[in-house]
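Undergrad: Sequences are here, hints too, so could you generate the full structure?
Chains as they are written, first to last, in our numbering: chain U, 1 to 392; chain A, 1 to 119.
Note that these hints are calculated values from the structure, not bench results.
Glycine residues also receive a C-beta, built at the ideal position from the N, C-alpha and C atoms.
One-sided and incomplete, this derived list gives chain A residues near chain U with beta-carbon spacing under 8 Å:
| id | residue |
| --- | --- |
| 1 | M1 |
| 2 | D89 |
| 3 | D91 |
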Amino acid sequence: MTPAAWHAAEVAARDAYGRLLARLAWRWRDVAAAEDALAAALEAALTAWPRDGVPAAPQAWLARVAERRLLDAARHARVAAHPDTQWMLSQEREEAAMDRRLSLLLVCAHPAIDAQLHAALMLQTVLGLDSARIAPAFLATPEAMKRRLSRAKEKIRQARIPFELPGEEALPERLSAVLEAIYAAFSIDNDAAGQSLADEAIFLAELVSLHLPAEPEPLGLLALMLHVQARRAARLTLGFTPLAQQDTALWDRAMARQADALLARAAGAGRPGPFQLEAAIQSAHASRAVTGQTPWEQILGLYAVLNAHWPTLGTLVAACAAALEAGRLDQAMAEWAPLASLPEAQGYQPLWAVGGFIARAAGDRAAAASRLERAAGMAQDAAQASFLRGAI
Amino acid sequence: MQYTLLFHGPNMPADHVPSAEEQAQMQRVWGEYMTALNAAGIVRGGQALMPVHTGSTVRLRDGKRHVQDGPMADSKESLGGFVVIDVPDLDVALDWAARSPSSLHGSTEVRPVWENPLA
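TA: Here it is as C-alpha cells:
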C-alpha cells in the first residue's frame, strides 16, 4: 500500500471505530461495556470475514454483533439496561442513526471527570487508541493509564453522566473543555517518544467542527493547530529553532493557507474566542513567509485582546516575549515582573526563558544568566537546553 | 437514579457564637433551598447534623476502643447534613448541588447511591 492509501485506510478505520463506539456507548450509557462488545465484534469479524467474505455493510454487521453481545451481557448480569429496542428492529433507522461522537466527546470532557484525563479518554474511546499508545504522551505507565481510564469509564456509568447534548446555555463551557482537551493532546511534545498525537487531535477538532458548523471556536482551534503543524518540519530540523528564526522555506504554505481559510470562516460568526485569537497570532507569524518580517506590533495587539478576556500564564508570558520582540523593553519588564512572583510560575519553563532574554536585552547579565540557566534546567529536551545555555 | 448531596460547611472556632442575624440568614437560605427541593418532589431522605464539636469519633485498634472528641481529622470543612435525591442524571444532581447554600462558602459533594443489582 502507498503511504497515502495507508493513511486513507487508517482514517477510515478510525472513523468507523469511533462512530460505532459512540453509538453503542450512547445507547447503553456505558463506555466500557461498549468497548468490550466492539472488541469482541471485531474479533468475530476476523474469523468470519475471511471465511464468509466481507459483508456488504461491514459497519452494520459489526454494530449488530456488538449489540447482541451487549444484550447478552445485560441479561447475564441481570443489570437493568434500557436500550432502545425499536432501533434494533429498524434497518432504516440503523442506516440513519446519527453520529454520536460529539456526545461521547462531551461526556469524556465532562466537568465531573478529572481534566487531566479528558484528552486520554477521547483518544481511547473516539479513536480506539490503546492505553499503551496513549500512556507515554501523558507520562504514565500503560498499566496506570489503563487503570485511570477504566476508573473514569466506571464513573461515567455509575454516576450516570448524561449522554444527551447539553442545552444551549451550558454548551459553550462544555465545548470549551472538549477543545482544551484536544489542544492538550496536540501540544504534547513527545518527540522523545517518537510519536505525536497531532494528527489525532486534528481529526477530533475536524469532527467537532463538522457537528457544530456554526460554532467558531472549533474552527479557530483547527486553524491554530494547522498553523503549528505547518511549521513542524522547520521546528524539528536543526535542533531547537525559535519560531521567529525558522527557515520559512520549510513551512508548509498550503497548510497555512488552509488554516487561514478556516480562521476567516470562524471570524465570519462575529464571536471571537481564545482559540480564534491564538490562531490569528499564529497566522501573523506565518505571514513572515510572504513579507519576510514578523509583525510584532500586530501580534502584541492580539495578545492584548486575548489576555484582556482569556488570560492564561502561557499567553501572559508569550505577550511579554512579543513586547520584547516589538522593541518595547519597558513594557516587557513591567509585565514580566508580577508573573515571576506567582506560585504557579515557579516551575513554568517559558517564563524563565523569556525572563532571561528580557534581562539580557536590559543589560542585566547576572539576571539573564541565572534565569536562562533555570529555564535550561527545566527544558524538555537537550536541543532546547543547549539553545538556552547558548544564549547566556 | 439516587444521589446523596453531602453539605460541607467551613469549620468555625469552637467558641464562635453566631449572631442573631447570622442565624436568621442561615435559616432563611436553607429554608428556601429545602422548600425548593421538596417542591420538586425529588427528596428521598436526609438529615441536618448538630455542630461538629458535639461529635465523637470511635476507632477499634487491637481490640481496644479509642474515643476521640470531635471529628475524625482536622480539616477546614465538616459535614453539616445531607439529602438523598432522585433525579435523572448527574447533570441534574450537580445543578441541585450548585444551588445549595453550602456551595457558596463550603462545598457540596455529590455521590451516587449504591444500588444493589441483586436487590
